[in-house]
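K.L.:
Listed here are the chains, written in short residue letters.
Protein chains: 2
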Amino acid sequence: MKTQVTIKDIAKALNISPSTVSRALKDHPDISQKTKDAVNKIAAELDYHPNTIAQSLRKSRSNTIGVVVPELVHHFFASVISGIEDIAYKAGYRVVICQTNEDVTREKINISALISSRVDGVLCSMTKETKEYSHFKSIQNRNIPLIFFDRICNEIKADSVVVQDYEGAYEAVEHLIEQGCKRIAHFKGPDSLLITRQRLNGYYDAMRESHLQIDEDLIIQADDRESARKAIYDLVKSEEPMPDGIFCVNDNVAVGAMMQLREMGINVPREVKIVGFEDDTTFTRLTDPQISSVFQPAFEMGQRATEMFLDELKRKEAHPEKILEPKTPRIEVLKTKVVVRGSSNEQVAQQERARRNYLENV
Amino acid sequence: MKTQVTIKDIAKALNISPSTVSRALKDHPDISQKTKDAVNKIAAELDYHPNTIAQSLRKSRSNTIGVVVPELVHHFFASVISGIEDIAYKAGYRVVICQTNEDVTREKINISALISSRVDGVLCSMTKETKEYSHFKSIQNRNIPLIFFDRICNEIKADSVVVQDYEGAYEAVEHLIEQGCKRIAHFKGPDSLLITRQRLNGYYDAMRESHLQIDEDLIIQADDRESARKAIYDLVKSEEPMPDGIFCVNDNVAVGAMMQLREMGINVPREVKIVGFEDDTTFTRLTDPQISSVFQPAFEMGQRATEMFLDELKRKEAHPEKILEPKTPRIEVLKTKVVVRGSSNEQVAQQERARRNYLENV
Numbered sequence: 001m002k003t004q005v006t007i008k009d010i011a012k013a014l015n016i017s018p019s020t021v022s023r024a025l026k027d028h029p030d031i032s033q034k035t036k037d038a039v040n041k042i043a044a045e046l047d048y049h050p051n052t053i054a055q056s057l058r059k060s061r062s063n064t065i066g067v068v069v070p071e072l073v074h075h076f077f078a079s080v081i082s083g084i085e086d087i088a089y090k091a092g093y094r095v096v097i098c099q100t101n102e103d104v105t106r107e108k109i110n111i112s113a114l115i116s117s118r119v120d121g122v123l124c125s126m127t128k129e130t131k132e133y134s135h136f137k138s139i140q141n142r143n144i145p146l147i148f149f150d151r152i153c154n155e156i157k158a159d160s161v162v163v164q165d166y167e168g169a170y171e172a173v174e175h176l177i178e179q180g181c182k183r184i185a186h187f188k189g190p191d192s193l194l195i196t197r198q199r200l201n202g203y204y205d206a207m208r209e210s211h212l213q214i215d216e217d218l219i220i221q222a223d224d225r226e227s228a229r230k231a232i233y234d235l236v237k238s239e240e241p242m243p244d245g246i247f248c249v250n251d252n253v254a255v256g257a258m259m260q261l262r263e264m265g266i267n268v269p270r271e272v273k274i275v276g277f278e279d280d281t282t283f284t285r286l287t288d289p290q291i292s293s294v295f296q297p298a299f300e301m302g303q304r305a306t307e308m309f310l311d312e313l314k315r316k317e318a319h320p321e322k323i324l325e326p327k328t329p330r331i332e333v334l335k336t337k338v339v340v341r342g343s344s345n346e347q348v349a350q351q352e353r354a355r356r357n358y359l360e361n362v
Numbered sequence: 001m002k003t004q005v006t007i008k009d010i011a012k013a014l015n016i017s018p019s020t021v022s023r024a025l026k027d028h029p030d031i032s033q034k035t036k037d038a039v040n041k042i043a044a045e046l047d048y049h050p051n052t053i054a055q056s057l058r059k060s061r062s063n064t065i066g067v068v069v070p071e072l073v074h075h076f077f078a079s080v081i082s083g084i085e086d087i088a089y090k091a092g093y094r095v096v097i098c099q100t101n102e103d104v105t106r107e108k109i110n111i112s113a114l115i116s117s118r119v120d121g122v123l124c125s126m127t128k129e130t131k132e133y134s135h136f137k138s139i140q141n142r143n144i145p146l147i148f149f150d151r152i153c154n155e156i157k158a159d160s161v162v163v164q165d166y167e168g169a170y171e172a173v174e175h176l177i178e179q180g181c182k183r184i185a186h187f188k189g190p191d192s193l194l195i196t197r198q199r200l201n202g203y204y205d206a207m208r209e210s211h212l213q214i215d216e217d218l219i220i221q222a223d224d225r226e227s228a229r230k231a232i233y234d235l236v237k238s239e240e241p242m243p244d245g246i247f248c249v250n251d252n253v254a255v256g257a258m259m260q261l262r263e264m265g266i267n268v269p270r271e272v273k274i275v276g277f278e279d280d281t282t283f284t285r286l287t288d289p290q291i292s293s294v295f296q297p298a299f300e301m302g303q304r305a306t307e308m309f310l311d312e313l314k315r316k317e318a319h320p321e322k323i324l325e326p327k328t329p330r331i332e333v334l335k336t337k338v339v340v341r342g343s344s345n346e347q348v349a350q351q352e353r354a355r356r357n358y359l360e361n362v
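Order-wise, the sequence lines are chains A and B.
Residue numbers for the first sequence follow the UniProt record's numbering, beginning at 1 and rising by one.
Residue numbers for the second sequence follow the UniProt record's numbering, beginning at 1 and rising by one.
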């Protein structure tokens with residue numbers, strides 16, 4: 001038994017030529033509406049699916065966008081993907097997603113697989129560990145548009161979308177200073193990622209411009225809940241005075257820091273104020289106090305990355321025979337905004353708690 | 001300039017025949033180790049990627065598993081995917097993921113796309129809206145293994161993996177009864193999903209076996225935070241007495257219900273006790289009180305589904321020429337377990353709170 005229905009099967013059923021069927025399926029003007037209707041009816045009945053592998057071999061197009069992200073458990077990346085799909089589906093593209101689990105080898109395998117299956121473009125957010133970039137070059141060497149988002153790669157000339165990481169960090173630290181913090185720590189991400197270097201720079205500049213002393217011992221690498229807990233534990237146990245504010249590289253770090261502070265008997269926000277960088281609104285509003293955070297437009301980031309891919313595809317298709325260098329790589333920067341909740345402001349924390357106690361004792 | 005390096009390029013560089021290169025790349029015993037080493041070296045230098053489209057056209061294999069899930073923002077599905085990848089990568093398969101956003105049309109498009117790109121298998125969790133199943137039949141008609149997980153399809157003969165939805169629900173309601181609840185509501189999912197029907201049945205049977213009266217007005221469809229909030233609002237505003245326990249179809253519903261109860265001045269767990277069904281441990285432990293929930297092994301579900309695919313592939317490859325009916329579809333059922341936290345037990349809630357207050361006032 002045959003496993004795939006082909007154009008020949010449809011032609012046979014209607015007693016017309018395969019090329020007529022092919023043109024009818026493509027809505028070619030030379031074919032009568034009556035024939036087109038008959039062909040489409042039989043195609044549906046026989047459950048015909050065009051063989052896109054054979055097609056893409058001929059026209060070197062698969063109508064597929066490959067997306068490579070570190071981890072799908074991060075709400076942030078799931079939102080970016082929804083933004084990508086929003087634009088992609090409207091433009092007639094489907095989206096396949098690969099996850100690297102922060103593993104460079106898997107990033108390379110995924111990208112090699114996407115190249116081999118002839119995707120029309122790759123949208124990528126690198127792993128924390130990526131320090132060698134030949135797999136990205138491989139994409140570009142084949143004239144396949146490559147767009148970075150969020151965790152971009154300065155070493156490769158490619159269009160990219162980021163948020164105002166520097167500005168968001170600057171404003172978060174400025175906000176902590178306005179709340180009276182003088183000894184502010186930064187729980188930072190790995191130095192390999194541009195976004196974490198930008199956030200670190202925002203921290204430095206905000207501290208300097210307020211003439212606050214920067215204690216390098218308070219700049220600690222901690223980018224998940226567990227490492228944040230450990231960093232707090234070490235700070236409490238050390239001989240040095242505790243920080244009175246912490247700017248965290250993401251919300252998970254902020255949650256971990258707050259839980260550990262609480263368990264060690266330190267009040268947030270009275271004794272230590274905390275601001276995170278948004279990755280998941282589903283939990284920043286569940287804690288007591290709720291967590292202040294730098295909002296970033298994830299859905300919009302996905303939309304913009306996909307629009308950049310479509311632009312780049314148009315440019316490359318005008319010159320299919322040569323590899324085009326990206327002119328001057330475009331970097332689109334999306335706006336961030338500090339959202340103040342109870343973890344960085346005592347009055348807001350009291351309001352959050354008063355509202356709750358009032359409601360519970362009505 | 002050429003965009004893809006081929007076997008011919010390698011052959012030319014080494015001045016040997018393309019078929020020698022091809023066999024060297026496949027580690028064929030007729031080719032000397034010296035030649036193999038030379039070929040592999042040049043292949044790496046030229047950045048050669050095998051053209052899997054052409055290959056899969058020849059051998060009808062792509063070494064790719066397609067995964068179709070409703071929504072990646074659910075932590076549960078992200079964990080299942082990690083389990084799938086765990087087994088798939090070890091077996092030499094790569095994984096591409098498509099998301100349906102609970103939209104049947106997108107489910108059909110994604111599946112059609114996966115069929116067209118010749119995936120070796122499809123692992124699927126249906127949308128809430130799927131009530132017509134021809135796209136699943138399309139997969140099976142092509143002899144492509146189809147495995148369902150979590151949201152399975154009783155109307156299609158296919159292997160599948162679920163958790164003990166009935167038993168988990170039964171135990172959750174039994175737990176509420178043990179806590180003294182007599183008037184227990186169920187916030188249920190859509191009737192189209194087998195898992196929500198199973199959880200409803202568990203609720204019914206636990207109520208019946210304890211000889212508690214079932215009030216059909218307390219069985220309310222609410223499967224996200226917002227609909228849970230509305231259901232609570234309606235219950236509080238109605239003339240009828242409030243329920244003293246609620247078994248929620250998932251944790252998001254439990255969070256929505258608890259937040260709304262609190263805002264309307266009703267104490268959880270004193271006045272109303274709540275149990276959810278696990279989808280995201282990142283937030284059930286952040287609330288005050290923490291949320292009791294039925295644990296389900298998501299990672300293991302992904303592993304088992306992938307192992308079932310590998311078994312099914314073996315069986316089908318033994319008979320490539322015919323479409324095999326699944327013998328008797330296997331349904332693997334994974335164990336669930338009620339995890340008691342403060343939302344369903346006053347003593348535990350007091351412990352959670354006492355621990356916090358003590359720590360904050362040290």
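Derived by calculation from the structure, the hints in this document are not laboratory data.
Keep in mind that a hint or two might mislead.
Same chains, same names: a pair is fine if it fits in one copy or spans any two.
[Said to hold, decoys possible] Derived lysine-lysine pairs resembling DSSO-like cross-links, with alpha carbons at most 30 Å apart: (1) Lys108 / Lys36; (2) Lys108 / Lys157; (3) Lys90 / Lys137; (4) Lys314 / Lys108; (5) Lys131 / Lys108; (6) Lys12 / Lys314; (7) Lys12 / Lys34; (8) Lys327 / Lys12; (9) Lys314 / Lys137; (10) Lys108 / Lys41; (11) Lys182 / Lys322; (12) Lys337 / Lys34; (13) Lys182 / Lys90; (14) Lys12 / Lys316; (15) Lys26 / Lys137; (16) Lys108 / Lys26; (17) Lys322 / Lys237; (18) Lys41 / Lys131; (19) Lys137 / Lys337; (20) Lys335 / Lys36; (21) Lys26 / Lys237; (22) Lys26 / Lys337; (23) Lys157 / Lys327; (24) Lys12 / Lys26.
As the structure is a computational prediction, the values presented were derived from the model and not from experiment.
K.L.:
If a hint holds in the structure, say so; if it does not, say that too.
P.N.:
Checked hints:
{"no.": "1", "hint": "Lys108 / Lys36", "verdict": "between (44 Å within a copy, 23 Å between copies)"}
{"no.": "2", "hint": "Lys108 / Lys157", "verdict": "within (18 Å within a copy, 37 Å between copies)"}
{"no.": "3", "hint": "Lys90 / Lys137", "verdict": "both (29 Å within a copy, 27 Å between copies)"}
{"no.": "4", "hint": "Lys314 / Lys108", "verdict": "both (26 Å within a copy, 28 Å between copies)"}
{"no.": "5", "hint": "Lys131 / Lys108", "verdict": "within (12 Å within a copy, 39 Å between copies)"}
{"no.": "6", "hint": "Lys12 / Lys314", "verdict": "neither (38 Å within a copy, 34 Å between copies)"}
{"no.": "7", "hint": "Lys12 / Lys34", "verdict": "within (17 Å within a copy, 52 Å between copies)"}
{"no.": "8", "hint": "Lys327 / Lys12", "verdict": "neither (51 Å within a copy, 33 Å between copies)"}
{"no.": "9", "hint": "Lys314 / Lys137", "verdict": "within (20 Å within a copy, 37 Å between copies)"}
{"no.": "10", "hint": "Lys108 / Lys41", "verdict": "between (43 Å within a copy, 18 Å between copies)"}
{"no.": "11", "hint": "Lys182 / Lys322", "verdict": "neither (56 Å within a copy, 74 Å between copies)"}
{"no.": "12", "hint": "Lys337 / Lys34", "verdict": "neither (58 Å within a copy, 60 Å between copies)"}
{"no.": "13", "hint": "Lys182 / Lys90", "verdict": "neither (50 Å within a copy, 51 Å between copies)"}
{"no.": "14", "hint": "Lys12 / Lys316", "verdict": "between (39 Å within a copy, 29 Å between copies)"}
{"no.": "15", "hint": "Lys26 / Lys137", "verdict": "between (35 Å within a copy, 25 Å between copies)"}
{"no.": "16", "hint": "Lys108 / Lys26", "verdict": "between (37 Å within a copy, 20 Å between copies)"}
{"no.": "17", "hint": "Lys322 / Lys237", "verdict": "neither (61 Å within a copy, 69 Å between copies)"}
{"no.": "18", "hint": "Lys41 / Lys131", "verdict": "between (54 Å within a copy, 22 Å between copies)"}
{"no.": "19", "hint": "Lys137 / Lys337", "verdict": "neither (34 Å within a copy, 49 Å between copies)"}
{"no.": "20", "hint": "Lys335 / Lys36", "verdict": "neither (49 Å within a copy, 53 Å between copies)"}
{"no.": "21", "hint": "Lys26 / Lys237", "verdict": "neither (72 Å within a copy, 58 Å between copies)"}
{"no.": "22", "hint": "Lys26 / Lys337", "verdict": "neither (48 Å within a copy, 54 Å between copies)"}
{"no.": "23", "hint": "Lys157 / Lys327", "verdict": "within (9 Å within a copy, 54 Å between copies)"}
{"no.": "24", "hint": "Lys12 / Lys26", "verdict": "within (18 Å within a copy, 40 Å between copies)"}
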